[in-house]
Structures are given as structure tokens and as C-alpha cells.
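Peer 1: Sequence:
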Amino acid sequence: MAFQNKNLSVIAYANGFTLWHYCANETMTTITTSGYFNAISSLMNSGDVVIINASDNTSIKKITVSEGVVTTGALA
1 MAFQNKNLSV IAYANGFTLW HYCANETMTT ITTSGYFNAI SSLMNSGDVV IINASDNTSI
61 KKITVSEGVV TTGALA
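Just so we're aligned, residue 1 is where the sequence shown starts under the working numbering, counting upward by one.
Hint data in this document are derived by calculation from the structure and do not stem from the laboratory. For each residue, glycine too, the CB sits at the ideal point set by N, CA and C. Please note: incorrect hints may appear among the correct ones.
[Claimed, not checked] With a straight-line Cα cutoff of 20 Å, these simulated SDA-like cross-link-like pairs (lysine to any residue) come out:
1) K6 with S41
2) K62 with I40
3) K62 with T27
4) K62 with S46
5) K62 with T32
6) K61 with V49
7) K61 with N7
8) K6 with A74
9) K61 with S46
10) K6 with E26
11) K6 with S55
12) K61 with S34
13) K6 with T33
14) K61 with L19
[Said to hold, decoys possible] Derived Cβ-Cβ restraints for the label pairs, each shown as a range:
15) N15 with A76: 29 to 39 Å
16) D56 with G16: 25 to 35 Å
17) N15 with D56: 10 to 20 Å
18) V10 with T58: 10 to 20 Å
19) S59 with F17: 14 to 24 Å
20) A14 with D56: 16 to 26 Å
21) S42 with H21: 10 to 20 Å
22) A76 with I11: 15 to 25 Å
23) N15 with S55: 25 to 35 Å
24) A76 with S34: 31 to 41 Å
25) N15 with I51: 14 to 24 Å
26) Y13 with L75: 29 to 39 Å
Can you make the complete structure from the sequences, with help from the hints?
Peer 2: What follows is the structure, encoded as C-alpha cells:
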């Protein structure tokens, strides 16, 4: 399944930083694949954080946006 905008919400926003929440009946591997969030790349910024509730796991990931491609990675 592809990204669903209805499953994404903003938890907090301050000073250009957004804390997102995404919940979907998909695996963590699917959701964290590079490009999964590309449909909203103009809304996300590098350094944003997303809490992901997937069908098989829950995780907190850092967002990186480069040339319209959104990737998620481990928090440092």
C-alpha cells in the first residue's frame, strides 16, 4: 500500500521543527523505505521527527529531505 495522507498528523510544531505521527497497517520496512513520504516532501523538513506505528513495530525516526526525496533514519 502507498502513503495515505489521512494516516499522518502533526503532534507539535515550533521554530520550523515538526513532530509527526504516522499510523498504518503496513510493516515498518515498507513505511521506512526511501521515498515513502515523497508525496508530502514539500511539508517535511530535514531534522523533523516522525513517530511511526506500523503493523509490526513502533519506532521514532528522523526525517531527511534531499531534492524532493524523503528518507527516514535512526535518531542520533
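Peer 1: Look at each hint and say if it fits the structure.
Peer 2: Hint by hint, here is what the structure shows:
1. K6 with S41: holds, 16 Å
2. K62 with I40: Measuring from Cα to Cα gives roughly 15 Å; hence the hint holds.
3. K62 with T27: Satisfied, since the Cα-Cα distance of roughly 18 Å is no more than 20 Å.
4. K62 with S46: OK: K62 and S46 at ~8 Å, within 20 Å.
5. K62 with T32: Status holds; Cα separation ~10 Å.
6. K61 with V49: OK: K61 and V49 at ~6 Å, within 20 Å.
7. K61 with N7: holds, 16 Å
8. K6 with A74: Violated - the C-alpha atoms of A74 and K6 are around 24 Å apart, more than 20 Å.
9. K61 with S46: holds, 11 Å
10. K6 with E26: holds, 14 Å
11. K6 with S55: holds, 16 Å
12. K61 with S34: Holds, at roughly 12 Å.
13. K6 with T33: holds, 19 Å
14. K61 with L19: Since the Cα atoms of K61 and L19 sit roughly 10 Å apart, the hinted pair holds (cutoff 20 Å).
15. N15 with A76: 29 to 39 Å: violated, 19 Å
16. D56 with G16: 25 to 35 Å: With Cβ atoms ~32 Å apart, the hint holds.
17. N15 with D56: 10 to 20 Å: violated, 34 Å
18. V10 with T58: 10 to 20 Å: holds, 18 Å
19. S59 with F17: 14 to 24 Å: holds, 19 Å
20. A14 with D56: 16 to 26 Å: violated, 31 Å
21. S42 with H21: 10 to 20 Å: holds, 19 Å
22. A76 with I11: 15 to 25 Å: holds, 20 Å
23. N15 with S55: 25 to 35 Å: holds, 33 Å
24. A76 with S34: 31 to 41 Å: Once the Cβ atoms are compared, 18 Å apart, the range 31 to 41 Å for S34 and A76 is violated.
25. N15 with I51: 14 to 24 Å: Roughly 19 Å apart at Cβ, these two residues keep to the hinted range, so it holds.
26. Y13 with L75: 29 to 39 Å: violated, 18 Å
Hint check: violations occur at hints 8, 15, 17, 20, 24 and 26; the rest are consistent with the structure.
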